[in-house]
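Here the structure of chain A is known, so what remains is to put chain B in place on it, guided by the hints.
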Amino acid sequence: MLFRSASIFERCEERLSENTSKPKKKRKLSEKSIAYLLIAPSLLLILVIAIWPVIQSFYFSMFDLRLNNPTKSEVHTDYQLDLKRYLDNYPFLQGAIDKELRKAEGQNEETLTSVKENLNQLNSTLLEDEKIAERYEAIDEKLMNFEKVGSKERMIEVDKDRAQEIQKKLSSVEKELKALENLEDPNGVKGLSSALAESVIKPNFIGFDHYAKNLTDKRMWMSIWNTVVFTVVSVAFELVLGLLIALLINKAFFGRGLVRASILIPWAIPTVVAALMWKFLYDGQNGIVAKVFEEIGLVNRMATLLTNDTGAMFSVIFADVWKTTPYMALLLLAGLQTIPRSLYEAAAIDGAGKLKQFFTITLPLLKTSILVALLFRTLDAFRVFDLIFVLTGGGPANSTETISLLAYKVMIAQSNFGEGSALSVVVFICVAIISIIYISLLGRDLLDDKK
Amino acid sequence: MQKKAGPLFYIGLFVFIFLVMFPFLWILISSFKPVSELFGEKAFIPYTSDPTFKNYESVFVNHPFLVYLKNSLIVSGVTTIYTVFIASFAAYAIARMQFKGKTIILGLVLSVSMFPQVATISPIYIILKNLGLTNSYIGLIIPYTTITLPLSIWILVTFFRKIPFDLEEAAKIDGASIMQTYWRVILPLAVPGIFTTAILVFIAAWNEFLFALVLNTEEAYKTVPVGIAMFQGQFTIPWGEISAATVVVTVPLVIMVLLFQRRIVSGLTSGAVKE
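These protein sequence lines are chains A and B, in that order.
The first sequence begins at 582 in our numbering and counts up one residue at a time.
The second sequence begins at 31 in our numbering and counts up one residue at a time.
These are computed hints drawn from the structure, not numbers from a lab.
Some hints here could point you the wrong way.
[Said to hold, decoys possible] List time: in silico SDA-like cross-link candidates among lysine to any residue, alpha-carbon distance up to 25 angstroms:
{"id": "1", "chain 1": "B", "residue 1": "159", "chain 2": "A", "residue 2": "628"}
{"id": "2", "chain 1": "A", "residue 1": "613", "chain 2": "B", "residue 2": "45"}
{"id": "3", "chain 1": "A", "residue 1": "937", "chain 2": "B", "residue 2": "39"}
{"id": "4", "chain 1": "B", "residue 1": "192", "chain 2": "A", "residue 2": "624"}
{"id": "5", "chain 1": "A", "residue 1": "729", "chain 2": "B", "residue 2": "132"}
{"id": "6", "chain 1": "A", "residue 1": "990", "chain 2": "B", "residue 2": "159"}
{"id": "7", "chain 1": "A", "residue 1": "794", "chain 2": "A", "residue 2": "1020"}
{"id": "8", "chain 1": "A", "residue 1": "799", "chain 2": "A", "residue 2": "980"}
{"id": "9", "chain 1": "B", "residue 1": "130", "chain 2": "A", "residue 2": "617"}
[As the list claims (entries may be wrong)] To give an idea of the chain B side of the interface with chain A (calculated C-beta under 8 angstroms), a few residues:
{"id": "10", "residue": "47"}
{"id": "11", "residue": "81"}
{"id": "12", "residue": "83"}
{"id": "13", "residue": "116"}
{"id": "14", "residue": "152"}
{"id": "15", "residue": "172"}
{"id": "16", "residue": "208"}
{"id": "17", "residue": "258"}
{"id": "18", "residue": "276"}
{"id": "19", "residue": "279"}
{"id": "20", "residue": "299"}
Remember, predicted model here, so these are calculated numbers, not experimental data.
For every residue, glycine included, the Cβ atom is placed at its ideal position computed from N, Cα and C.
Extracted from the complex, chain A is given alone in its bound form (with noise of 0.2 angstroms):
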């Protein structure tokens, strides 16, 4: 009796009592589309927030994309002219040479003058079109009363045709100009001339070059190498402790609650915190997981945890160990638990041993909440950044480096964002290869409606 309001009841008596095949077929019509509206929200959000920016990741791993220099700052498919820039130097060049001419004679005379006449007719060209006359105007008037020139502002495009015959004009004035010798002021004119050549933008179109550079190169292999290495390490480490603690855990004792909040803990602190963590205790001279190390015998110097490549790669697979084994351990704890008891007894009525219904009933029916808990882990692996990044920052000598890392370097460090995401791009594939392979080993289970 949830609702007792009267209207409502009335309401209900009377769709009972016309219990036509008609008001039926509306309800459920509505239903449907009040389900596409209920998942509208987080779809869209989905396709805005995480669709488009990987396929826009795509799209800019084909430019030549660097956010530090104002020619590349942006993608453009079509030949553009930068009047700023030609008009930063145009009327510095014509005064130069003019400067020049009161002092030339002879050859240097005539070079001078069909330079002058050549620039004059270039720019004579330009305005002849009205759409480059007008933005020309406004920019050399804001110049003129030193304005800030906007970066879309200065861009205009120009057809490809036009844009390689003023590319070819300002190119031969800049070889002739260089070719001078005995001139006042050299520099002067030598510098403005290939700083006006420079105005013609080409587009950053580059294709797979970003590609065909990064597959050949060795420090993307090894980057793929190192993550490869360490996901295939850790995530088996951790199947085999986190197996062989749920199978620990899974009975009944004192405290349990307790040990399930302490492995826990590894699990929710911020990965940085533990890197961070690790980095101290690993620490060459006063870190005592490493004196502890060098005591054993696993290391021979304490220094080696952090500063050798192979101990660096221990270093960050045992502490990526120390995290994510409890998580690990709760999933398979999980699945442990949905076997029936009652398959244990029959099988120690039959007389089988604790290895062999390990092997027959425990394995085979936790062969999904294994196959999920590896999904899970391998991918998350695969992009590990955080731990490397704090831990070791994928040294010493790029041995530690993974393939997130690298990506992350040549974007932000270096601001290339069109090779970045060509690394980016690499890194999506290995992720959507794994996965694939994950889905098909188990199946539509993952997805299945029913439970």
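Coordinates of chain B only, in the frame set by chain A:
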């Protein structure tokens, strides 16, 4: 497999827990050590004769640690509330309504949760920069959705499925509309599941590092993980301060885990286990 545990078992258990907890205990001790005892021979002594709060004081005085905490609280809090709110509708529809393309949508949600964050960061950075949203709260909350929304939908779907379907039938017969059923019948019963999801989402947002590192570079907008990671200087690493900051961050999480361990475990394992 249920059997009584012997004394050997408890000893083994104790050793195991000690190993798991050892890094925390060591950091806790170190955070109270004066600087002179953090280096050299004294660094390996598991106690201090001269306990001090200097490291804690320094964390809050020499570093804007309170600002980091505030930023993390705001970003994770808002992210949690808004994603769980939006996800609850989608999860309800997926778990309890019949419509075409359900498996595809669930598959999409799962695959998005597997996306490497590094694959989305360059367009997100460029867009947010052009909009002037880097170094702001909203500029971090938006990209966090990529991580938290699939996670919340995934967990909530399993919780919604556990609520008996008879209840909906009863409400339908009583003449309640779908939204009425959702608000008055299902939602009150789903509160524990939603709460569990919120805890997990909060932890995920609180711990996130890559987006925070790239997008919010100004001191005033840094979150705790980025703030702590940047404690280490170019040449020296202030281990005392780092230990103290670690304790400050870890203690609330430990309390949270102790209080909600059952919920956290049920949330973590939902979807991973077929019952």
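Cross-check of the supplied hints:
1. B/159 with A/628: Status holds; Cα separation ~20 angstroms.
2. A/613 with B/45: violated, 56 angstroms
3. A/937 with B/39: Roughly 22 angstroms separates the two Cα atoms, so the pair holds.
4. B/192 with A/624: holds, 23 angstroms
5. A/729 with B/132: Between residue 729 of chain A and residue 132 of chain B the Cα gap is close to 53 angstroms, so the pair fails against 25 angstroms, i.e. violated.
6. A/990 with B/159: holds, 19 angstroms
7. A/794 with A/1020: violated, 32 angstroms
8. A/799 with A/980: holds, 12 angstroms
9. B/130 with A/617: holds, 9 angstroms
10. 47: Status holds, d = 5 angstroms.
11. 81: violated, 18 angstroms
12. 83: violated, 19 angstroms
13. 116: For residue 116 of chain B, the interface hint holds, since the closest Cβ of chain A sits about 5 angstroms away, which is under 8 angstroms.
14. 152: Status holds, d = 5 angstroms.
15. 172: holds, 6 angstroms
16. 208: holds, 5 angstroms
17. 258: Given a least distance of 6 angstroms, the restraint on residue 258 of chain B holds.
18. 276: holds, 5 angstroms
19. 279: holds, 6 angstroms
20. 299: holds, 4 angstroms
Violated hints for the displayed structure, listed by number in ascending order: 2, 5, 7, 11 and 12.
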